[in-house]
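Model the full structure from these sequences, guided by the hints.
Note that the protein sequences, when read in sequence, are chains P and G. Counting from 1, one number per residue, gives the positions in the first sequence under my numbering. Counting from 1001, one number per residue, gives the positions in the second sequence under my numbering.
Treat the hints loosely; a few may be bogus.
A few chain P residues that face chain G, going by a derived Cβ cut-off under 8 Å, partial list only [claimed, not checked]:
1. 10
2. 13
3. 24
4. 73
5. 134
6. 217
7. 220
8. 223
9. 224
It should be emphasised that the hints constitute simulated quantities derived from the structure, not laboratory data. Where a beta carbon is used, it is the ideal one built from N, C-alpha and C, also for glycine.
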Amino acid sequence: MKTLRIWFTRMRVMTSKELMQLLRDTVLIIFTIYAFTLDIYWAGSGVSLSLNNAALMVFDGDSSHASRELTSRFREPYFQNVGSLSHSRDTNDVLDEGQAMVTLDIPEGFEKSLLRGEQSTVQMQVDTTNTVLGLLASSYGQQIVGRYGLEVAMKQQGLSPDGSISGPILDDRHRVWFNPNQEDSWFMSIAELLTIITVFSMMLPAAAMVREKERGTIEQLLVSPLSGFQVMFSKVLAMTLVIVLLTSISLFLVIGGLFGVPFKGNPWLFLALATLYVFTTSGLGLVIATFSRNMAQAGMLIILLIAPMIFLSGAWTPPEAMPTVMRWLMLVSPLHYFIDAGYGVLLKGATLSVLAPQLAGMCILGGLNFALGLWRFRRQFA
Amino acid sequence: MASDDDKSEATESGSLAVSARGFSKHYGKQTAVNRVDLDIRKGEIYGLIGPDGSGKSSFMKAVAGVLSFEEGTLQVFDTVVDSEASAELIKQRIGFMPQGLGLNMYPDLSVEENIDFFARLRLVPDQSLTERKSRLLAMTRLEAFRDRPMKNLSGGMKQKLGLVCTLIHEPELIILDEPTTGVDPVSRRDFWSILARLLREQGITALVSTAYMDEATRFQRAALMYQGKVLAEGEPDVIGNLAQGTMITIDVEDQTKALALLSEQFEQIEAVGSRLRVWVDEPDEAAAEIQLRNALGGFVVHHVECDTPGLEDVFVAKLRQEGHVVAELPAFEAGTSSASGVAIEAHELSKCFDDFTAVDKISFTVPQGEIFGLLGANGAGKTTAIKMLTGIQLPTSGEGQVAGANMSTAAQLIKQRIGYMSQAFSLYLDLSVSENIKLFAGVYGLDPSMRRERSPWIIELAGLQGYEKDLAGSLPMGLRQRLALGCALVHKPQILFLDEPTSGVDPLGRRRFWEILFNLARVQNVTILVTTHYMSEAEHCDHLALMYAGKVVADDTPDNMKSAVTAEAGGLLEVSVDNPINAVGVLEESDYKGAALFGRKIHLWAPDDESSRNRIQSLLAEAGIAVLGIRSRSLSMEDVFVYRVLQQEKAREQSAA
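Okay, here's the thing in structure tokens:
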């Protein structure tokens, strides 16, 4: 009974020590608060994966009713007509110079050939330096041109005098689930939150540990009756507490409040999962701390690990699109499980029973990380 | 008067290397150096002596032209340093070695690469570089280590390499900021003799600072600094006259009670091993002794020894006379530690790292309540030995009992019974004083009532009343160390391990620290195992073990160690001559290898008899040097240490050959 009481006293004083130290590190605490609030706000409101106001320049060699009609169909919010060109050869130049992202070249005689019922061509050139946006621009352009062509054809056949289509055509009625307006801010803000949680749950415990090594206070703890587990776990506990607190602020104020993401599932379930995830990842932070002599080294190791963790998480690429080897590697990225679970709860309303595999994955990885950290810690100081 | 001064300055100005008038330096509101006047003559070793934070470094940096200052004038050679441009003019004539072991060099570069780097920085032509490099490496005996990376050198060797790098462009003035701090006594002596030889052979000027008061005798002239002011300036003897008095060492029955009685009359008193050292404000030795005997009344006095006080004693006396009051220590409960018998027993302990043996079969026994000192150079294995005894590291072989528990099997039990304080300040700088105490009370599992009882005692012990809410990082070094000591004592340990606890602490702080240790051992019966670099502190221990290359090479009381060395090597003779710098060279080249320069005097090992006196006389007479006097000196612990370590080194070289 007494041993148990002393054990809890030790954990309590060590955990509150870590909290006090963190709160007094002004630079770190400001950086942390920034990351969980402003950074997520900017990621959600600034980064967009949809085509908005792509700069379009047109060479209209025909100057006819038909050419003007086609041009006018490239309209906002997707495209923005930023000017017209007087020569067909200029189209390449404006792309090179970055004045336009898309150019449309309508040759002379465009309308005539349409009226004659002949095949007619327009040329669209797209700058696909940014592959996502380029792909979107070219497919939207295809749709616009294709649809116009179809309308003209049907009108000529007399099938539809007003231009609306009423022929043997498939009517595509798709439904968008989970994010009906396809708002990027929903996806982006949650993705950024998950990344930030990952970064800080590695960085904060690693920083706390490396600081003890740098200043030599670790020796004082080693000669005390504290066990290695108590030294390490008190850091994890303190940092988990801070990160989960900030996560809930970010979740309710920024993601729910500012971006209006409706939580389909129980946000408390999300926080519980986040707690488990922070624990999983902070073990990794402690392993890093045992390998590094100072904060700079720890920081570099964390960056080194974060990049592949995010690539392998499935945040940017669905697992099915990855090579087989990568798909296997994904199994060891804790972020992979957390992303599935996080989106699942927040946007899809998933419950605990659905998330059992993810939960198991995180538990196993977390246990392994922490055991590895403890083993390294003992080995380093014995 | 004024005109006299002017005249003397005018005649001297050509012979001065550095001249400062009303020099002041402020950092924000803090005054680092306060209206200092100093003259350093060409061709002398000039010392700045003083504890940390006394303004030595700021002054040296200004002389080196790397720090601006607000008030006063500073002239280096013929240049008045008042702007960056003027500072640039003198930099080629100056060599500056900043504080810190090897901090200005590159750890991953080899000895030779470091030297080459500094030479190229100073545009030394290749041919002179080759010649100077081989000469300096030979002088510093670093020749064999040319290709060794700097980080693998010992502390003393790093400092010698630093000196070579500072000298490679042949400066006229070298500025060395605490070159001997953190360096063991043997390497320190080596460093001083190399410096003396450089002066003799090259005629350069050296401005050197030190925190070791006993090194004052190494300088031709020196300034004693404290809190930014010069307390005294001149030849070491002159500085020694700062406060008048006699130092008396007595061997008296019932040391603890005698100490309590004498403390009422004599403020400056300390326990040294089984003896008491008392400062009496009376320069006449006979009169001082009578004063002391009267004060002692009925106590049986076994032995009395009067001595002229050392600089550290004088310094403390001066501060005391100026009214620096030291707070009273709290009461020590008698016999807190009930344990008796053997506190620490090490039996053939060894620790190997890969192919390197850090500790090689050491054995020693420490009875409960004793102050046990572990001495040794950097890398002798002291810290590793402590780490094994405290359970941080497992021994490769051998075994030990600490506080009644087996080291290898019951490490957890030991940890509960011992207190530990390490070399570096090992508390949390970003926690306040009371938060630190609370933390360690919790770590050692004290219940709240016990904690409330211990906290005020620790605060009082460390003299931290009024600082409870201050962050530990904002405290001066001396207070921090005592706080660390207090935290190590929070759970009333049976044994206290202290790894170089007083490095960087000023003499006043060190005295209080030892006063606490004495009370812990004598009144509370706590066993104390301490390692130290300050040989003057080794005298405070009841028992000493000297380590060399991982082995214990001597294990005895300080007195026995001294008499053993006297029996083997004869005594220590102090030779006064009219040309000490040349004389030491003459003596070194004859059979007196260990001859060393202390200010204007020479110390050497020789039996105190007619034949050795005659031999010294005739050797020096041949060289045309007049001997002013030869007298024997009582050995200090440092003499013993240096003698034993050199003996080991010689034996090692012979076995290698």
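(request) Run the structure past the numbered hints and jot down the numbers of the failing ones, going up. (result) Result: hints 4 and 5 break, sorted rising.
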